[in-house]
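**Q** Read off the chains here:
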Amino acid sequence: MITLADQLLVLVLLINFIALGTGRLIFAIRAVAVQGVILGILPGMIHSFSWHLVGITVVIIIVKGFVIPHLLGRAVRSAEIKREVEPFLGYVPTLLLGAIFTAFAFGFSGSLPMVPEHQNYMFVPASIATLMTGFLVLTTRRKAIFQVIGYLILENGIFIFGLLLAGAMPVMVEAGALLDLLVGTFVMGIVINQISREFSSLDTSLLTSLKEE
Amino acid sequence: MFAALILIPLIGAAATWLIPSDRLRPKMLALFSAFHVGITIRMLMVTPPESAGRWFHLDALGKIVLLSTSVLFLACAVYSIGYFYYRQERSNRLLCMWLLVCLSAASLVTITHHLGLMWVALETTTICMAPLIYFNRNARSIEATWKYLLICSVGVALALIGLYFLAYATIVAKVEPTLLLDDLIDGAGKLSSGWVHGAFVFLLVGFGTKMGLAPLHTWKPDAYGEAPGLVGALLSGGLVNLAFLALLRVYQLCVATKEIAFFQDSLVVMGLISMVTAAVFMARQADFKRMLAYSSVEHVGIMAVALGLGGKAIFGALFHILANGLTKGVLFLSSGNIHRSYNSKSTEHVRGALRRLPWSGGLFLAGFIAITGSPPFAPFISEFTIISSAFIQGRMLVGALFLLSLAIIFIGMALTVLPMVMGEVPVESETTLYRDTIGTVGPPLVLLLLVLMLGVWIPEPLLGLLRDGALLLEVKP
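Chain order of the listed sequences is F and R.
Heads up: the first sequence begins at 1 in the numbering used here, then just goes up one per residue.
Heads up: the second sequence begins at 1 in the numbering used here, then just goes up one per residue.
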């Protein structure tokens, strides 16, 4: 099962690059949805069967794979925008930066001590690389929806790390963290709709009336 | 006891949601926050026993933050009765409900010793505040809400990965995996230093963003500038302290793991950067609510420097939680009144506030004198303790920069505040319906009296509480 889990993580990393390289919103939302579904499957790969595990898998696939993408998709349709225009940093430079960050993540996690049973997995580098990808998307894109997508990727990175900790985090806290993410994204979705109503676009670079003169 | 503290505000939230009357709702808000203060005082007098599983435990640090949050919240809730009388054009249902949900989550942050649960509660307070900043429903407030929500959510998410690192350090160390503060402190010696080090960096950045330490403060001026006065008061006097409490918890762990030197240095550097940033942006500020936001950046900087210095300065930091929180309440509530009266928050339009609104103008002026650290108000005591501790420890450069920033901030703030309150009301000034009433002036006045009282006399139980808190943060050689 080790190799299957690692292959799924490679898929997660590939999706990171897709999100970095595309300007089409619907495509990026679908990519993140697929990433969410993969994250839902992953716990089953490394832990033995339990009903608690089944519950987590189902909840994560529903929330990350369907509910949140649906919310974002609705915002995209209501705002009638299709793609990112003029990101703060072009697609090729962000892809390159993404590659550098991924390499850095592998180097960094090599220096950290691991428990023997996690030694052969690439959870830690995948987690840190995904986290940084999310941060990159968040900071280089202009459209509010893309920034939310960046936030989701960042959360996915954190979630991958959380897989190593099943047991250390009680179910209640786990559920609380997931709920906070969902509510946070939901509120962001509402704010996005308000932005599009107020400015008739989702371009956050129009949000510049508040600054120091 | 613990359950009551969390549940009563939630019941209040449900009640305010169900009440159809805009007039009645703020009164319910005040009623439930009065209950909350009652429970808080009871819990301070008779410390409730630690809960089973050690999840809930009210220690001295939690008590200080709980007390300041609860008192400030009551003042804001009572103020809201008078405030909403002038804001009848808008429904206050969402605002009242989210305020109480936020109070519940804030109480949870102060009583829990489980770092994961503390994170969940802290993130909940972040989300609760978003609709409140958007209360005015215009283009400017949506921009502020967006920046606030995005930056703070990312910040708190980074703190979560810090917590995960910490939990993984326990797994690597082959101790029982846990995020309970007391267990972590007990087993601190065995934790793997690589993971712990990484954890502290992420936790500092994450909670630092939520607290608004420079250079992670960029959301602050916008959010404080656009939010209604009472929300600004709660953000700068309440939520800031919750994030500081989270940093105090990390600090306790750092002391236990002997990684404290690095953490202390980072705190001093970030704190000083915050103070200098505030000093630069405070001068010639054209919007008085944004000016208050930079004052908040300054004061979180002061608390961070004090924590980083350690020793006697810790006492100053803990006292500053109360002093800063209550004084910020005075400033934001009175500035809200001035904003209502002039229908502008530009310092060009607002002149002669003392003539037009003797009470609110006077409170704003007194709040300014207090927050800049002038005796006999409480912030003087804390700032003096911190400065003297810096010089006693031989940290001349830190002490000098600290003093210099305070001096520049005093001048910068005076240049904005004095023309606002002194002089004549401009003839072209808009006339509004707002008049000072007991409802809008009383709460900030009571807060100011509290700040004055703490400046000249700290009650013995409170002094004991502050000493106990400082003891928890003591660095043992």
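To be clear, the hints were calculated from the coordinates, so they are not data collected in a lab.
There could be a bad hint or two in this list.
Pulled a few chain R residues facing chain F out of the computed Cβ check, cut under 10 Å [said to hold, decoys possible]:
hint, residue
1, M28
2, L31
3, H57
4, A60
5, R87
6, S91
7, R137
8, S153
Simulated restraints on C-beta separations [claimed, not checked]:
hint, chain 1, residue 1, chain 2, residue 2, range
9, R, T437, F, I18, 28 to 34 Å
10, R, E89, F, I62, 19 to 25 Å
11, R, L403, F, R74, 51 to 57 Å
12, R, G189, F, R24, 32 to 38 Å
Reference listing, derived: stretches of chain R covered by chain F, where coverage requires no fewer than 3 residues with Cβ under 8 Å from a Cβ of chain F [stated by the list, open to error]:
hint, region
13, 191–205
14, 230–241
15, 274–280
Remember, it's a predicted structure, so these values are computed and weren't measured experimentally.
Glycine included, C-beta positions come from ideal geometry on N, C-alpha and C.
**Q** Each of the hints needs a verdict: does it hold here or not?
**A** Verification of the hints:
no.	hint	verdict
1	M28	24 Å, violated
2	L31	27 Å, violated
3	H57	16 Å, violated
4	A60	25 Å, violated
5	R87	19 Å, violated
6	S91	16 Å, violated
7	R137	8 Å, holds
8	S153	5 Å, holds
9	T437(R) to I18(F): 28 to 34 Å	59 Å, violated
10	E89(R) to I62(F): 19 to 25 Å	40 Å, violated
11	L403(R) to R74(F): 51 to 57 Å	55 Å, holds
12	G189(R) to R24(F): 32 to 38 Å	53 Å, violated
13	191–205	holds (count 4)
14	230–241	violated (count 0)
15	274–280	violated (count 0)
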